[in-house]
Amino acid sequence: MAFAKTTLSTFALCAVAGASCARDNVQIAGSSTVLPYAAIVAEAFGENFDFPTPVVESGGSSSGLKRFCEGLGDNTIDIANASRPMKEREIAACTAAGVTEIIEVRIGYDGIVFASNIEGNAFSFTPSDWFLALSDTILVDGAMISNPNMTWAEVNAAMPAQPLQTFVPGTKHGTREVFEEQVILQGCIATGALEAIVAANGGDMNQAENDCIALRTDGISVDIDGDYTETLARIEANPDGIGVFGLAFYENNTNKLQVATMSGVVPNVESISAGEYPVSRPLYFYIKAAHLDVIPGLKEFAEFFVSDDISGPDGPLAEYGLVSDPELEATQDLVADEITK
Amino acid sequence: MNLYHSKIHRSLLVKDARTQQRNNAELRFRAYGLTAVSVGIVALVILLVSIFTSGMTAFQQTKLQVTLELPEAKLDKKGQRDLVAMKKVTTIGYFKVLGDGLIAQLERLGIETGLKAKEVREILSKESAATLRNAVLADPSLIGSTVTMEFLANGRIDGYFKGRVDRASAQLDKNVEPGQLDIADALAERRLMYTRFNFNFILAPDASDQRPEAAGLGVAILGSIYMMLVVLFVALPVGVAASIYLEEFAPKNRLTDVIEVNISNLAAVPSIVYGILGLAIFINMAQFNQSSPLVGGLVLTLMTLPRIIIPARAALKSVPPSIRDAALGVGASRMQTVLHHVLPLAAPGILTGVIIGLGQALGETAPLLLIGMVAFVREYPAAFTSDSGLFGEASTALPVQVFNWTQRADPSFVERASGAIIVLLVFLLIMNALAIFLRRRYERRW
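Read top to bottom, the protein sequences are chains A and B.
Taking the working numbering, the leading residue of the first sequence gets 2, the next gets one more, and so forth.
Taking the working numbering, the leading residue of the second sequence gets 354, the next gets one more, and so forth.
The set of hints was computed from the structure by calculation and includes no laboratory data.
Where hints are given, some of them may not hold.
[Unchecked claim] Only pairs whose alpha carbons sit at most 27 Å apart, straight line, appear in this in silico DSS-like list of lysine-lysine:
{"no.": "1", "chain 1": "A", "residue 1": "Lys257", "chain 2": "B", "residue 2": "Lys471"}
{"no.": "2", "chain 1": "A", "residue 1": "Lys257", "chain 2": "B", "residue 2": "Lys527"}
{"no.": "3", "chain 1": "A", "residue 1": "Lys300", "chain 2": "B", "residue 2": "Lys440"}
{"no.": "4", "chain 1": "B", "residue 1": "Lys441", "chain 2": "B", "residue 2": "Lys471"}
[Claimed, not checked] Here's a subset of chain A near chain B, in silico, CB distances under 8 Å, partners left out:
{"no.": "5", "residue": "Ala43"}
{"no.": "6", "residue": "Ala45"}
{"no.": "7", "residue": "Gly47"}
{"no.": "8", "residue": "Gly61"}
{"no.": "9", "residue": "Ser63"}
{"no.": "10", "residue": "Ile104"}
{"no.": "11", "residue": "Asn118"}
{"no.": "12", "residue": "Glu120"}
{"no.": "13", "residue": "Glu252"}
{"no.": "14", "residue": "Asn256"}
{"no.": "15", "residue": "Ser274"}
{"no.": "16", "residue": "Glu277"}
{"no.": "17", "residue": "Gly313"}
{"no.": "18", "residue": "Pro317"}
Note that CB positions come from ideal geometry on N, CA and C, so glycine has one too.
Isolated chain A, as found in the complex (with noise of 0.2 Å):
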């Protein structure tokens, strides 16, 4: 790896020069949940600060961290903003590529709702009711038979006659994970779907939790790829739809949508924080260490990032939508003393 020892040396240089390094802003890449909170608090930091404002990137989890793991030096992203934690060979990546000392910090949670046209009528929904409304095949009599489906009245007899009409996060999405995991699958297993595929297919769990997340193709789930805009969009030319957001984009747009209850639970900032609504997830960020004494302003960016001033309840990233996290010393802890992962 010739080419990764060059980086390495000009960022050593870069590191021994100290102040004379060719990059002097922060910068930082990674997922579009994260995107505005990660803006909001760049905006800050550059009024507050004498350091230059961050230069945040869009692009994905995914995208983010693979940056992140191409190497240390200038020409590599310091901080990766992730909906999810980082995954094992994501890991290796890193490690392969040198990038060896990683924190991990956990900046709070994000709610997923479900919500319709504000003219339209009002749900309530349980797990069950969307595996049920969107799954390929459901239980019916013992058998699973291709999902028929075609209203949400057939799918609980207590909701209206409305045509089925979702709009489901695409692939690429880390909110579609979430959605799989945490709404799909609870439900299959709700509905004892998981149960007799497990017992059709002779035990193989994965196999049948693969086949509980499948979605119906016949165009009543639709797969956005784009972002929450588009699916905005897409409610208001069709009354009729339903759209799986992130909770801050439904609090700016509550004038537009209005959002269902899960399992009874309405999803806002105090119900997430409770644990009172199911469907959340936990949002990231991850610093290279090896940057923090290279890079200025990366050490307190992420101090001020997490301080009580700004991840805080009554910080400004709570009032956008985020759920501040509960165990936010622990993380300013962890930030202050530099714990890699």
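Starting from the structure of chain A, add chain B where the hints point.
Relative to the frame of chain A, chain B by itself:
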């Protein structure tokens, strides 16, 4: 009587069946053409009307005037006017001071609110705290005095004056209260809140999702200008040199044929491919800075080169051979022939091609996605710094800013995205007008 005679009887004024048929066919053909043109015009009109109706409001911004006291106890506890100590008070602290100032002003004016202090404060943009802090840090003697300053109003209040927000939608919207609109009305009545032309939309940098009212195109315009300079100064000489060589000097053989075909093919390569190439060559190998206009400009240069070479060759080709023959005949060398005679005559055509190529590069987003220019950047990039070199500081570009704003959650960014499109269209219009002007002014026909 033969056939010929039977035909000649017919009058010129009465059309026979076949003529009628041919005339009808022509009429239909014209109608098709006219329909095609009108479809195009209607599409253009719809596009422009929708962009301008939603985007023109971005050039206006609602501001309010607040007269407030700057308490020393809150802004400089030690009272020594020491900048380092004063910087410890963050914008969060300033926002409270400013909010209290607004509440006191409302009381003085006798405007009843019935709102919580927090809700009154939020009539102000979050950006206004930074405005105040910067003013105080620039002139610490302001502390302790009473100042009157102009601040941005919150995006929702701004939307109220632009017709985007009304009391019914405010009722449903979590980010604005109808009571805040009442205060806004009362302030507007006293001429303390007003909507003015928004220079900051052109000049200010981007802002986060919490303050759409402060977001501007400054960084993006600067980044686009830098990139266009890079494209101009790299692609013009390279493109012109390549086309002169291919057109005037290169032998006609299989190799030049292959090159020729490849250039035509390169012009049709999707632009995202150049982004991947740029990432591999300029960032990973050459170690240029990510998100920098230098890399962006070089990537766009790669993309623009074939689009400059093809019209440049056409322009060189259109110079009549007699001019070359005459020059060679009076003893000029081939280089003199090209530089003294052919190139000046082809220049208007080449320039037109270059400007249209630049116009395409200006509107390009896809390759910039991969080199990190789709980013939140608030610092104006310097053209040159000793640390990051020429055009080495992070920036965005105009089309990228449009893309970026359409993804934001706050509905106020819709107006800003359309406004950015208008600015982009104006730039393109200027460039195309320049191309037309040059062509008209200098073009020669033979």
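Hints, verified against the model:
Between Lys257 of chain A and Lys471 of chain B the CA atoms are separated by roughly 24 Å; this keeps the pair inside 27 Å, and the hint holds. About 11 Å separates the Cα atoms of Lys257 of chain A and Lys527 of chain B, which keeps this hinted pair within 27 Å; it holds. Distance restraint check for Lys300 of chain A and Lys440 of chain B: the Cα-Cα separation of roughly 18 Å lies within the 27 Å cut-off, and the hinted pair is therefore satisfied. Between Lys441 of chain B and Lys471 of chain B the CA atoms are separated by roughly 23 Å; this keeps the pair inside 27 Å, and the hint holds.
Taken as an interface hint, Ala43 of chain A checks out: its beta carbon lies about 6 Å from the nearest beta carbon of chain B, inside 8 Å. Interface hint at Ala45 of chain A: satisfied, since its Cβ lies 6 Å from the closest Cβ of chain B, which is below the 8 Å cut-off. At about 5 Å, the closest approach between the beta carbon of Gly47 of chain A and any beta carbon in chain B falls short of 8 Å, and the interface hint on this residue holds. A distance limit of 8 Å between C-beta atoms decides the matter here; for Gly61 of chain A the minimum to chain B is near 11 Å, and the interface restraint is violated.
Hint status for Ser63 of chain A relative to chain B: violated, with the closest Cβ pair at about 15 Å, above 8 Å. The interface hint given for Ile104 of chain A is violated, since its Cβ lies 21 Å from the closest Cβ of chain B, which is over the 8 Å cut-off. Restraint check, Asn118 of chain A versus chain B: the minimum CB separation of about 12 Å is more than 8 Å; hint violated. With a cut of 8 Å, the hint placing Glu120 of chain A at the interface with chain B is violated, because the nearest CB-to-CB distance is about 11 Å.
For Glu252 of chain A, the interface hint holds, since its Cβ comes within 8 Å of a Cβ in chain B; the closest pair sits about 6 Å apart. Look at Asn256 of chain A: its Cβ gets to within about 4 Å of chain B, closer than 8 Å, so that hint holds up. A hinted interface residue such as Ser274 of chain A counts as satisfied when its beta carbon comes closer than 8 Å to some beta carbon of chain B; here the least separation is about 17 Å, so the hint is violated. Taking 8 Å as the C-beta contact cut-off toward chain B, the hint placing Glu277 of chain A at the interface is violated, the least distance being around 20 Å.
This hint is violated: Gly313 of chain A has a C-beta 11 Å from the nearest C-beta of chain B, more than the 8 Å allowed. Because the beta carbon of Pro317 of chain A sits about 6 Å from the nearest beta carbon in chain B, less than 8 Å, this interface hint is met.
The structure fails to meet hints 8, 9, 10, 11, 12, 15, 16 and 17 from the earlier list, while all remaining hints are met.
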